[in-house]
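Using the sequences and the hints, build the whole thing.
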Amino acid sequence: MKRTSSPRLPVAMLCLIAAGLLTIAHGEEPAGWVTKSFPMRWEDVAPPVTPEGEVPPLVLPPLPVGQTSGMEWERVIKTSSEMLTRIMQDYLPVFPAGTTMLYDPATETLAVRTTQESMQVVEILARELLRGRPWQPVLRVFVYELDQPVMRDLLLETAVANDHVQAWNKVEALTANKKATLLDQIRLPVRSGFRASADSGCEKLFPEDKTPFRGLSFEMEPVINSEGRLLTCDYRLTWSPPLLGAMRKEHPLVTWDSYTSMIPGQVQLIGAWNEQAAASKKSQCAFLLCGRHPGVPKVNEAIRQVLIDHSPPPLPVSKATAPEAALGMKLGTYRVPRSYLALDQDPVSPPMDPFATSSTTDSLRPKTTRKRPPIKAAQHILEMQGILFPAGSFAAFHPGAGVLLVKNQAANLDQVEAFVWSHPRVSPTSRFTIHLVEADSQPLRELSSEAAEGGDHTVLLQKLSKLPDFRWIESIFVDTMAGRRAGFSSGWFNEPIAAAPLPESKITSNGEGNTSDQPVNEKKLLHSGIQVNLDSVLGPDGTTTNIILELEQRDEEAISRSTSATGVKLNVSTVMTAGTTRWIATWRPPAGSNAPARDKLRAVFLTLNQIYFDSGSDF
Amino acid sequence: MKQFQFFMLKLGLFALAVGSRLVHAAESAEEDDPWVTEVLRADFSAGYHRDLAADPFTSPPSPDNMLPRADDSEEAWQRYAVGSTRRLSPFLQEIGCPVPVGTVLIPDAWQATLAVHTRQSALSKLRLHSRRLLTRFPETFDLRGTLYAGDASLLFPLVNQVSSQASHSEAVAQLETLLKGGKVQLLDEWQLYAKPEQSTKLENHTDRSHRKENETSDSDAVAIGTTVEAKLSNTVGDGGIALSLSFSHAARTEVSNPEDKTRIDLAEAHASSVKLNISSILAPAEPHIVAAWTPPETVQTSGQRQLHLLVVKAHMNRVLPPGNDALKTKLTQVLPKAKAELIKTEMQSASEAEPPKRTPPPGMETRVIKVPPKFLEKHPPEQILNANIPLPEGSSCVFHTHSRTLELVNTPANLDAIARLAAAPEFQNDPVIRKTVYLVRGDRQMIGKWVEELDTNLLPQLKWKEFLEVIARLPEQAKVVEVASLESRPGERNELFVEGVEHDLAWMSDSVAARTGTTMDCNLLFNYARKLPLHAKESHNNRLMTSLILIQGTPCVIGEWIPVADTGAPARDQLQIAVLKLEAVRRPVTDE
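Heads up: the sequence lines are chains X and B, in that order.
If you read the first sequence in this note's numbering, its first letter stands for residue 1, the second for the next number, and so on.
If you read the second sequence in this note's numbering, its first letter stands for residue 1, the second for the next number, and so on.
Since the hints were derived computationally from the structure, they do not count as laboratory data.
Careful, some of the hints might be misleading.
[As the list claims (entries may be wrong)] With beta-carbon atoms standing in for the labels, derived distance ranges: (1) X:E29 to B:P98: 38 to 46 Å; (2) X:P96 to B:P392: 21 to 29 Å; (3) B:P392 to X:A31: 34 to 42 Å; (4) B:L462 to X:A31: 53 to 61 Å; (5) X:E29 to B:P362: 34 to 42 Å; (6) B:T37 to X:R86: 52 to 60 Å; (7) X:A31 to B:A419: 38 to 46 Å; (8) X:D414 to B:S164: 55 to 63 Å; (9) B:G491 to X:L570: 49 to 57 Å; (10) X:P312 to B:P196: 38 to 46 Å.
The beta-carbon is built from N, C-alpha and C at its ideal position, and this holds for glycine as well.
Dropping the structure here:
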C-alpha cells in the first residue's frame, strides 16, 4: 500500500490535508444536532419484514480496523447511513436528511447523529427495546445461620418490603465478621418457561437404600411476563444439613413449596426458622437472589466519536419547511401489546363463496393481501379509528418494543390514548407471616377479650411482645399468589423427599431419566417441627382474601421422644384484608417432662401483606 | 519542437518497453502453463450421455460414442477422441471447468478413467470436478482414533487453544512432538472401516467371565479396555464427513492408600472408566481433537492432574473399478492428429459465432461472485431483496447452481452488499458446537469475586482468560478440578460419564445453534459427585438440570457450590464453580 508513485503523492497529501481540515471543521456537533449511541441488537434495528418473521441478515459494510483515514470513515458512514435509514424508516419515520448512523455488530451498538427532535424518539425506542430485551434469570439461594434476636429484627424490617437487599447485605456483613454462618448455597441459571433443578448435597450411591438426599435442593419453573421484566416462579426448595458419612433416615428438613415474583437484581428473604436442635439459640434463614444473564452489553462509544468527527455537515434545518400544523404537535408514548399489528386487518374482505370453483375464487381473491409493510401498519390502525394524521405527524411502532410512538396534535393524542389505553396488571404476591408465640396465660386471656373488638390485631401482637414472659417460638414467611397453595415446613422428618433425582447411573442405561418409579412419599413430621399449608383466594370484592390455613407443630422441649406424637394441629379458615394481622388460635401446650412449671398459653398470629412490583421500573 | 520530439522519443521507448514486456509475458505464460498428458479417475457419463438419457430411442449411440477396443485401428481411436472431446467440452464449460482449445479427452466410463491432454492450469480444476462427479460409485470411510494422555499443565493450554479453531492440524502436530519427546503417552489407538450411515463397532476389552457371580450390580459391568462405536456419512455436503461416535475406555485402578492403610473395596468403588458420545463434522484426512477430559483420578496419581485427548481422523474413499492405464498410450498415439483437428474446427466455430457482450448500464458493473450452497437453496434475487439490497432498473442476477456462482450487474455498493450477504453466517455450513465445562475450586473470597465479575462484566470471555492465567500462577488459591470438552453437531446429544474412585462426573447436553450462530440453545444435565474413600457408599453431589440460551464464546457460570472437604464436612472457606463455554465452529466451505 505504500507504493505511491511520485505524481500521486501530492494528490494523496492533498487528500490527507483536506481530510484533516474537514476533521477540524466538524470535530464537534452542529447546532441543533446531537450524536448518541445505544445498545441495540440487529434484530431490533432490522425487525422481521416477512410474515415468517425472518430478520434480514446484516449486510452493512464492516467497520474499519486499526488506523483509518478520515476519507475511509466518511465512505463507511455514507454507505451505512443510507442502508440503516432505509431499514429503519419503516418503523421510525423521523430521520431528516443529513442523519448519519453507524452500527457495530460486535458490541451491538447503534450510533446516530440526528436532530434533537428526532433523537428524542430514538431514545425512547432504544430504552423500551432495552427493557423488553429477553433475559435469562439466574437464581441463587443462600442459607445462613444466625442469632435469634438478629433474625427477629430482620423479619420485622422485611415484612412489607418487596426488596430485601439491605437485609441480605446485613447478613453478609455478619458472615464476614463470623457472627453468622453461610450454611449452603446454590446457583441455577435457567430460561423462561423451562423447568430446572439444582442440588448440592449427600446421598447414598445406591438408591435402593431409600435414604434421603441431604443438602440444598432447588427446583423451579420461572416465567417472565409478557412485559418482559417481572419473573414469576413456582419453586420447591428443601434444605437439610449435609454431612457425609453421618446419614440417617431421620433428619431435620426445611421445605418450601411456593410461589414468588421478582425483578432482576432483587433479593428476597424467603424463610426463617429456628434451628431444630434442642436448646439452640440459633435461627436459620434462606435468601433468594434473582440476577440476569446475559447482562446488557456495553455500548461502543468509539463509533459515536467517529460519527461526531467524520459526519459531513448537515444542511441547515429550515424552519420554513415545517408545516403550520406541526408546530403544536406533541409526542405521545403508549405501551401496547406486541401483537398490536394484528389489528391491521382489511375490514372489507369479500366473503368466500362456498360454491365457487377454483377459477372464480382465484379471480375474486385480491392479488396482494397486505399492501403495507407490517411495520407501517401502526398508523393505518389508528387512521381506521378515525384519528387524523395531518402533515408532520406520524405513528411509529416497533414490534420488539411494544411501544407506540405518536406525534400529533394534543387533541388527536387524546383520541389515541383513549384507543390504546391499557394498564399493565400485575397480580401481587401475598406474603403471609405466621408468628407462633408463647406467653403467660393470664395476660393472654385478658388481651383475648380485646381481640374480639376488631379484625386487625397488629397492635395486640405488639402489646403481647412486651410482656415479661413472652417468647417467640417460630416466625415463618410464606409467599404465594392468590389461588395457589403454598407450603413450608421445618423440622425432623423420616421419609425421603420426592425431589431427590436419580443418580446418573440410572440415567445412562436408557438415555433418559425414568421418573415414574421415584418415591412419592408423604413426609411425616416426627418429634419436633412445624408444617404449614396455606390456600388463599382473592375475594370477589378484590380486596379481601379467603384463607385456609393448615398448621401442625410439635415442640421437642414439650414432649419426650418416646411418647406417642402429641402436638397441635390446626385447620382454620378466615377472611383477611392486606396489611392486617389476625390472632388465629390459642392453645395450652401439652405438659412435657421438661415443660416449665408456670401456666403458659400459645397463640398463632397471621399477617397478610400484598407485595406489588412496579413492572415499569428500570433495571 | 525539440521538446515534442523528445516527448515522442520517450513515448516510443515506453511503447517498445511495454511491447517487449507483453511478448515476454506471453512466452512466460507458455512456459508457466505447459501442455501435459495425464490419466485421471473420472466418470462424466452423466453429462456425456445426457441427451441419450432424455430419449434413448431418438439418437442411438453412434460408434463415435463407444469406446473402441484396444486392438481397433488408430483412426477409430482418433474419431473417438475427437468425438468425446467435442461432447465433453461444453459440459465441462457448463459445470464451471472450461478446458482450453487443443485439449484432447479420452474417457472410459466403465473403468472410470479419463486420459487427458490439456494445459497445466486447467488440470487441477478438472481433477477436482472429476473427483466430485464420481458419485456413481459407493463410498467407504476409514476412521482412525488415538487416545493421548499427558500432564494437564501441558495439554490444558492446547485444549483452550483449539476450542474456537476449525482446524486442529497444528495442535495435533504439537501433540505428536510432545509424544516424541516422551511428555505425552499414547494410551490407545484403533482403526475402523465403515459404510456410510452404518454403525460399526470395535470392542477390545478383557473377558470378565472370571468375575464372581454375586457382582452383578449395574455399576460393576465396566469392562477393562476400549469400546468404539462409530457412524459416518458425507450427507453434510461440500466434503465434510459427519461422525457420530461413542467411545468408552476403562482402566483397572489399583487402589491402596499407604498413609492410613485403608482398604478400598474395588467391587463397590469400581474401576475408573470414561464413556462418551460425541458427534462432529470432520475435514477429510485432517486430524481433529473431538474430546478432552480429566481422567478419573486414582489415589496414586492425585496431586498431579492428567488430561486425556481423543483425536480422530477420517478419510472417504470411493470404491472404483481398476483404472484403464492403456488409455494414456492410446492418447499419445492419436494426440497430434486429434489435436490438430480439434483446433481447426474450434477456430471455425469461434469465428462463426461470437456471443454479443452486454455492457452494464452507467454506474453499474458486472461481477461474478461465488456463493455457498445454502445461498442457492432459495431463489437468489428474493434473498437479495429480503436483505434490503435493491435490484434497480438495469441490474441483473443470474445464478449457476453447479458452479455456485452468481453473475451480477448492479452498482458497486450493492454488489459489495451482496458479497457480504453471501458471506453471512446463515448461509454457511452447519457449525459444530464445541462445549467445554470447567470445574474450578478455590478460595471462597477470590472465586466469589470472579463469579460476580463474570456475571456483570461486559466481556466475560476476557475475564475468564485472565482467571485461567491466575489459576496457572496461583495453584494454591484456585485450581481447575475438572475439564471436559466435547463436540457435537447441532441437535445431537453429548454425553460424558467419568467414573473414578474419588469422583464421578456426568454431563449430558443437547444444543442447537441459532441461525446466525451467535446464540445457542442448550439443555444441560451436570453432576459432579465427590466420593470419599472412607464412606464409599455415599457421595456428595453437585447437580444441575436446566435449559439455557448461551452466547457463543461467552463463559457462563452454571453452578456454584460449597465443596466438601476430605473429612466429609462442608469446606466453607472454599467455593466450587462450574463454567460452561460453547463455541460454534464452522469449517470453511471448500471446493472439495
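Hints, one by one, checked against the model:
1. X:E29 to B:P98: 38 to 46 Å: 56 Å, violated
2. X:P96 to B:P392: 21 to 29 Å: 24 Å, holds
3. B:P392 to X:A31: 34 to 42 Å: 36 Å Cβ-Cβ, so the 34 to 42 Å window holds.
4. B:L462 to X:A31: 53 to 61 Å: The hinted range 53 to 61 Å is violated for L462 of chain B and A31 of chain X, with Cβ atoms some 40 Å apart.
5. X:E29 to B:P362: 34 to 42 Å: Given about 37 Å between the Cβ atoms, the range holds.
6. B:T37 to X:R86: 52 to 60 Å: About 56 Å separates the Cβ atoms of T37 of chain B and R86 of chain X, which means 52 to 60 Å holds.
7. X:A31 to B:A419: 38 to 46 Å: 39 Å, holds
8. X:D414 to B:S164: 55 to 63 Å: Holds - the Cβ-Cβ distance for D414 of chain X and S164 of chain B, about 56 Å, lies within 55 to 63 Å.
9. B:G491 to X:L570: 49 to 57 Å: 53 Å, holds
10. X:P312 to B:P196: 38 to 46 Å: Since P312 of chain X and P196 of chain B have Cβ atoms about 59 Å apart, the given range 38 to 46 Å is violated.
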